[in-house]
Amino acid sequence: MKKTMKPKRAAWMLLLVSLMAVSLQAQNSGPAILVQGNVTSSNDGTEIIGASVCEFDVNNRVVSSTATDVNGHYVLKVKDLNNSLNVRYTGFSPITRKMSGQKVQNFTMRENTMIAEVVIKGVKKRSEGGYSIPQREVGSAMQTLDAKEFEGLQVSSVDEALQGRIAGLDIVANSGDPGSGSSMRVRGATSITGSNEPLIVLNGIPYTAEGAKNIDYANANTEQYANMLSINPDDILEITVLKDAAASAIWGSKGANGVLMITTKKGVMGKVKLDYSYRKTFTKQPKGLNMLNGGDFTMLMKQAYLNPHSNDAATNVDEYNYDKNFVDYENFNNNTDWVSEVSQLGGIDDQYLTVSGGGERALYRVSIGVFDQKGTIIGQNLKRLSSRAYLEYSVSDRIKFIAEFALTNSDNFKNYENLLDIAYKKMPNVGVYAQDSLGRNSNIYYNISRSSFLDPAQRDLKNPVALAYLAQNEAKSFRILPTLRLNYDLIDPKIATLRYSMYVSFDINDGVNTSFLPQEASNSNWPSNSVNRSTYANGETLTIYSEQNLSWVPKFENEDHSFQLYGSVQIQSGSGTGQGIASFSLPSSYATDPSMSAYLDAASSVHYRSRSIGFLGRAHYSYKSRYSIDGSIRRDGTTKFGPGRMFGDFPGINCRWNISDEPFMSETKSWLSMLSVRPSWGISGNEPGAEGLQYMRYGSYGSYLGTPAMRPVSLRLNGLKWETTQMFNYGMDLGLLNDTYTIDLNFYHKNTSDLLFKNVGTSAASGFNGMPWFNGGVMNNDGWELNLYANQFIKVGKFSVDFRFNLSNYKNTLIQLDQRLLDSYNGKFDYLNGSYLTRVQENNSFGSIYGFRYKGVYQFDDYVEGMTGTAPVAHDEFGHVVTDQAGKPKPMWFNYYAKEGGLPYKFRGGDAIYEDINHDGSIDELDIVYLGNSNPKVNGGFGPTFRYKNFNCNMFFVFRYGNKIINAARMNAENMFTDNNQSIAVNWRWRKDGDVTNMPRALHDYGYNWLGSDRYVEDGSFLRFKYLQFAYSIPPTILKPIGLKKASAYVNFNNVAVWTKYTGVDPEVGYGSLNISTDNNATPRSKDVTIGLSIGL
Amino acid sequence: MIKKIIYTVLLLVGLLFATTGCTAWLTIKPEGEVVLEDFWQSESSVESVLASCYRGLTEDDCISRMIVWGELRSDNMISSGIASTDMKKILDGDITSSNSFSSWASFYSVINYCNTVLYYAPSVVSRDLNFTQGDLRRVQAEAKTIRALCYFYLVRAFKEVPYVTIASVDDNQNYNFVKSTEDVVLDSLVIDLNAVRNWASNDFGNGAMNKGKITRNAVNTLLADIYLWKNDYTNCITACDRVLADTTLKLEAEDVVYPMVFSAGNSTESIFELQFNDNVQVNNTVRSLYGSSDFELGALSFPATLAFNTNDKVAGLYSPFAYKVPSTTVVEGLDDVRAKDSYYLYGGKYYIYKYAGYGRIVTNSGVTTYTFRNTTPNWIIYRKSDVILMKAEALAQLGSTAELKEAVDLVNLTYTRSNVLDAPLDVANYISKEEVQKLVLRERQREFLFEGKRWFDLVRLARRDGTTTNMNMYVETKASGAGGSLGAPVLNAMYMPVNKAELEANPYMTQNPFYEESGSSSTR
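Protein chains in written order, with our numbering: chain A, 1 to 1097; chain B, 10001 to 10524.
These aren't lab readings, by the way, just hints derived from the structure by calculation. Quantities reported herein were computed from a predicted structural model and do not represent experimental measurements. Any given hint could be a false lead.
As the list claims (entries may be wrong) - Straight line, CA to CA, 20 Å or less: simulated SDA-like cross-link-like pairs of lysine to any residue:
| id | chain 1 | residue 1 | chain 2 | residue 2 |
| --- | --- | --- | --- | --- |
| 1 | B | Lys10029 | A | Val606 |
| 2 | B | Lys10179 | A | Gly91 |
| 3 | B | Lys10089 | A | Val606 |
| 4 | B | Lys10029 | A | Asp823 |
| 5 | B | Lys10179 | A | Thr978 |
| 6 | B | Lys10405 | B | Ser10327 |
| 7 | B | Lys10029 | A | His607 |
| 8 | A | Lys828 | B | Ser10327 |
| 9 | B | Lys10349 | A | Asp823 |
| 10 | A | Lys828 | B | Thr10510 |
| 11 | B | Lys10088 | A | Tyr1006 |
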C-alpha cells in the first residue's frame, strides 16, 4: 500500500507548482464581475493617468489588473467582490482596500513627499543553502566579508579583494599579469597533488566550472581560478568562507578544501536608482634585479669561458669580441636594457553602471561593467564585459519567482612567452632591432642567428619586443549563467514555514585560445615547426545544476524552542567538447588561420560528460537561542568512480553555547556582550579531477600506413576512492562592550586520509607513465585563527575609527604515505647544478626544502699550512685539515664517489664552499640538509578605517611570516654558467687568489657553483601596505539641487609599500609542485594609483 | 495537520536516501574513447591496435633512441655544436641515470601495445567471422616480431631488462618487475620468432605495406641479427639464407642507391622500414639531428678524422674510406659513392646528408650541389645489405678458408656497387681471419653510416673480445687530439644506466652494475 502511495505523493508535490497556472485558468471560468471607479490626486484633485489597479486574493496573489485611462478611470473584471483592490502610482502612496461587495471603487491618492526614516532592529541572520539561522546560533567556523569593505578599490577579481581579509584563508596571486588568478588555501593544503583550491559557490550554486577542468583547451596550468574573473567584484554583496568540515560537509565531496560562498547584490524596493562609477588606475611595475650592461656582461662571459680550462682559444667567441671584422659586429656591440624594453606603465579603465529598484511585487537590478586593463608588460591587455540581471517577482505572498542572468565576456591578450623572464636572460649586447654596418637601426627585429655557437638556450631566446608586437596569444571566454528559482510556501507562513524551493541553473562556458608565432620573432627558418605556427583551441561546456529542497520551520507555542528541518536533492550534469588544431610553417606571417595549407602538427578533440547527485538532510535546534545544535548529512554520488564506490557519506555536526546568555552571567552583560563556545566535527571529501578513470579506455593514436590506430590510453583504476577530510573545530566568540569589539577564535585539527595523488610513477615497463590517480596517505593540519573587529572603538564627535585584524597559523604534518610514493618522491639527488632534492618525509611538513649549506667562496686555490683564508681541502669534524700518508692535505671533491654516474669534480679557488656535513671530503647526497619550509608560520592582515564627516580613510596591510622561497630568479641571474645575462651582483665575483667575496668565480658550463643550497633559499616574510584609500562623499544638501542622489570620489593607492628581507622583486610567490614556492621571475604585482568617481541618480 | 507535514517531510527525506535507482544514472562511459568492455569485438579493433604497435615505433622518442643507443657513442658521430645537453653528455662519456636517453619507456609502450594485441586478439576470432584463424596468426606474427624487435633494442642498450609479456590493464596488477638476464630474454625471443616466422605474411599486396609492415623476411632478418648478437653463427647464416633466397629482394643499382633507398624510400632492397608521412607523422628526430631543408645543419656531424673529402681526395687519419689495407697496395673506396652521399662538408664540418637530402646534383663541370628534403624520411630498420653483411660477419667468425672467401664475396656485393670504378676486393689481400673480420666491420661502417648500427657493431666486437680495448681504439679515433676516454672502460659500461625515474617508481629495479652507487671513480 505504502509503495503505491509514495510516488503519488511525490508526484503531487512536484506537479503542484506547474498546476498553479492551470488552476488559475480554471477559476477564470466563473461569472465576471465588473468594478469601476476613478483615481485622483489628493493634492489638486486631478485625475491620475496610468495608475495600476490590481485585484488581490486572500493570499495576496494578483488575480486581475488594469490601468487607469486618460480620464483617470478604470474598469476591472474581478473574480470575487470579497477580494481587495490595490492602486499604485509612482510618487504616491499605494492604497489597498477591500471591495466588500462594492462595484464602484474610487481612490484618492496622496503624494509621498516625505518618507519617514524607519529604523528596523532585526536579528542578523546567516543564511546559506536555503536555510537561515540567526548569526548567534551558528556553531561552525565561518567568516563573512561585506563587499562594502572593498568598495571603491580597484580589484579585477574577488580573490584580490579577499587577500588578507579572512583568517585562515591564504591567498597568493600567481603573478602580476592581467587575469592570471591566484592560489587559495583554506586552512592550508589538504591534498598533495590533488586540487587544494576551495569550492566557489555563487548564490547557492557551485560555480567552479567543472567542465573547464576537464576540457583543458588551453594548456594545463594553475590558472583555473582565474575563472573568479568572470564575477565582477562590484556585483558582490558579501562573501562567506566556510572553514570547518561541519559547515563544508553540506557540500560533501567537493567541500574538503573549504567553501567560498559569494552572494551577489539584489534589487531593493524603491524608486529607480541609477548608479554609475568610473575608476582610472595607473599601474607601475616595481624595479627588479639590476642586470649587467653590455660591457660588464661581455667581460664576465670572457672570464666564464676562460676559467674552466684556462684555454684562451675558448674565449674566442665572436659575439663577445667587439671585433669589427665580425659580420654581426654591429648587432653585438649594443647596450640594451631588456627589462625596460618590455616594461610599460599600465592602466585600468573600469566603468560600472547599475539600475535597480522595485515595488512590493517585483524587484530588479541590472548591472553592466566594462573593464579594460593594460598590463605592465608590453603587449598585455585584458578586456572584460560583464553583466548581471536579477529579477524577483512575487506572484503572491507564498509564491516567488526569481530569475538571474549573468554574462561575462573576456578577452585576454597575453604574451606569447614570459617576456620578463626572457628580458632577464637576454644578453644585453644585442639590440632590439637589426643594425646595418654603420650601426643604424633597421625596422627589423633582431634575432641571434641559429648558426651561432652560443648556448642554444641563449641563442634561441626569442626577441621579447618582437614577441609582444608580432606574436599573438589570445584567450577569449564567454560565460552565461541563467538561473531560475522558485519558492513556494506549501502552507500559510503564519502557521509554520513549509517551503518548497528549487532552482535550475545553466552554466554555459565557451572559450577560445588562439596563438600565432610569426617567423620574424624567432631565429628559426621557415618551414621549421616552431615558426609561422598557429594554434587554435576551443572548448565549450554546459553544466546544469538543479536543486529541489524542502525546508520546514514549525512555530512553537513556547517561543524558547526553535527548530528547522531541511532536505534537498542536488543534481549536476555536465558535458563538454573541445577541439584543438596546431599547424606550422604557414605560408605567411599575416595569415594566421591554422586551417591554411601548411604542416599539420596536431589536431585533437576532447569530449567529456559527468554527473553527480547529492542528497542532503539538515536539522537545527535551538533553545532560547542559547543552546544550539545543528547536524547535517550528505550522500554524494558521482560518475567518477566505479560500481560499489559511487557513493560517499559526509556528516557534520556543530553545537553552540552562548554562555553570556546564561542567567549567572547577567552581571557581566554590561561589558561582555557575547561569550560562546562552538565545537564542531565533520567529514568532507575531494574527488579526482578527471572522468572515466574506472575504465580502461582505448583512444585514437593517429594512423600507420592508412590504418587508423587505437591504443589503450589508461590503466583501469579499480581501487580509486574519495579523499576524505575529517575536521574538528573548537571555536569561541567574544563580544565586548555591546559588540564594539568582536573576536572569534578557532582551533582546528584536520585529518585527510586517502590522499589523492596524480600521475604516480609506475615502472615504465608497464607501458604506462604512471597511475593517473592514486589514493595513498594521511595528512594532518593543525592550526588556529583569530579574527578581531573593533567597530567605532574610538568615537569623538564626528570622528570614528574601526579596526580589523586577523591572524592565522597552521602546520601540516604528513602522517603516512604509501611506500611507492615515498620512493618516487624521495628520489636520489641528481648531482646537477640548480636542483633541489625533493623529499617527502612522514611526520614532516609538506613543502619542505632540502639542499646544501652554502658557506661562501674558497679564497685561495692552494692550501698553505697555517693560512687564515679558505682553500678547497677537506676538514675533519674538529676543523683540522685532513692529510694523506704523505702529509699532503686532501682536496675537497664534489661527488667523489661518482654517484649517479656523474663525474667527480675537484674544487678550486673561487668555487663555492658547501658545508661537508659528514666530513668525508666529498660534497654529495649525504651533505644535504633541511633548509626550511614554504608554509608561512603566521599570516594575516589588519587595517584601520577612519571616518570624519564625509571623509573616509581606509588602510589595509597584509603579511606572511616565516615561509621560505627558492629564489630561482636570483639563482639564474648569479650562476654565471650560461650565456644568459646576470645581475650586477656578479661584479663582486671572485677573480683572483685571495679575493674575499661571497660570489664564486665565473664558470661557463662547468663546475658546481650553483648547487641547490641555502644560498638561494630566502625568508619570504613580508608586510605589505596593500592599500590606502581616501574617499569623500559629497553631502546630499549640495547634491539635491543638481539632481543627484549621491556622489563620491576617491583616491586609492594599491601596494603602497612592502617591507621584506626577500631580495627578489616580490616576496609573494605561489605554491609550486609539492607545495614549494619557487620564484621564477613572474611579473611582480604592480604599484597602482586609482582615482574614482561614483554617482547615483 | 502538523503530523501530516512531519510524515510528508520524513517520507521525502527517506526518498532522498533511496539511492539504488541512481547507480544507473551515474554510470556513463567516456565519449570519444572506447572502453575495454566494448572494444575487441571485431577485426577492426585488432588491426587498429596492431597499427598502434607500428605507430608507437615512429614516435620521436623511439627513433631518437635507435640513433642514440645504436650509434651516438660510436666513432661515427660528434656534436656539430648544437646537440642537446643530454646528447652532449653521452658524447662526453658522462652518462648518468638522469639522462633522458636512459629512459626505456617509449619501447615498453610499444611492447604493451603488442602484449595487448596478443592477449585480446584470439578472442575476436569467435566474435567476428571475418577475422579468421589465418588472420590471427598473421597478426600474432607481426605483434610478436615488433615486440621482439623492441626487446632486442632494449637488450642491446641495457643488457638486462624486465621481460614483460602480459598486457597492462588495471591497478591490481603487479608492476614491480624485476630484470631478466640477457639469455632469458633473447632465448624467449628466438623461440617466439621461430614459432611465427612462417605465419607472417609474404605479401600485403602493396609496395609500402610490404616494406612498412612485418613480413617473413623481416622476421628472419631479426632472427639473424639476434643469433649474431648471441654469437650463434650457424643459425645466423641459416636465417640470412632464408632471406637471401627471396629473389624479389634486390640490391638497388649503383647510380640510384641514394635516391631509391634513402630519398624515395621503400626500395627493392628494403626489408622493414618505419613509414613516415608529412600529414600524419613527421620524422622530427631525423629532421633535427641530421637536417632538412629548413635546417640544413643538423645537430650531429661526422668527425673530420674519419671523413674522406672526395673533392680534394684528402682522408682523415682513421677514415674507412680511402683505406689502405695493411701490407698491401690496395686502397679501399677511393671513389666510394657512399663518401659523397652520406655527408657533406660545410664550414669545416662534415654534416650528415644521408636522410637529410634529396640527392646530390653534379653538373657537367663537376660542381656538386646538395639539395635538402622538405618532406619527411622513412627510417630503415633492415635492408638487404644488412643481411648480406650479417652473413659475412658470421662467416668471418667461423673462419675456414672457404668461409672467409665467401665472406669477402658477400662484402663485394655492397662494395662493388658503391665503387664501380674500383676492382672487386680480393680475399688474397686479407691475409688473416682477423683482417677479414675487420673488413666486414669496415664495410658495415661504410654501408650503414648514420643508420643506427655502428655502436652495436662495436659492442658485438667487444663482447667477442671479452674486453673493450679494440672497441675503444675505434671510438677514440673521433676525438681530434684532445684524447679522453670516449669508449667504455669496462664491458658493463657499454650499456646504458637504468633511468632514475624507473628506479624511483619500482623498488625491485636495480641499477646496471657499472652505474651502481658503489662504483668508484677509479673505474673510469
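Could you grab the alpha-carbon distance between A/Lys828 and B/Ser10327 and see if it respects the 20 Å cut-off?
54 Å, violated
For the pair supplied as a hint, B/Lys10029 and A/His607, confirm whether the alpha-carbon distance does not exceed 20 Å.
11 Å, holds
Would you mind confirming whether the straight-line C-alpha gap from B/Lys10179 to A/Gly91 stays at or under 20 Å?
Violated - the C-alpha atoms of A/Gly91 and B/Lys10179 are around 90 Å apart, more than 20 Å.
Straight-line alpha-carbon gap A/Lys828 to B/Thr10510, limit 20 Å
14 Å, holds
Going straight from one Cα to the other, do B/Lys10405 and B/Ser10327 come out at no more than 20 Å?
19 Å, holds
Does B/Lys10089 pair with A/Val606 here, judged by a C-alpha cut-off of 20 Å?
39 Å, violated
Hinted pair, alpha-carbon criterion (20 Å max): B/Lys10029, A/Val606. Please report holds or violated.
Satisfied, since the Cα-Cα distance of roughly 14 Å is no more than 20 Å.
B/Lys10029 and A/Asp823 were given as a pair; does the straight-line alpha-carbon distance stay at or below 20 Å?
Judged against 20 Å, a Cα distance of about 34 Å means the pair is violated.
Has the given pair, B/Lys10179 with A/Thr978, been kept, meaning a C-alpha gap of at most 20 Å?
39 Å, violated
Check whether the Cα positions of B/Lys10349 and A/Asp823 lie no farther apart than 20 Å.
46 Å, violated
Going straight from one Cα to the other, do B/Lys10088 and A/Tyr1006 come out at no more than 20 Å?
13 Å, holds
In summary, the structure is inconsistent with hints 2, 3, 4, 5, 8, 9 from the numbered list given earlier, while agreeing with the others.
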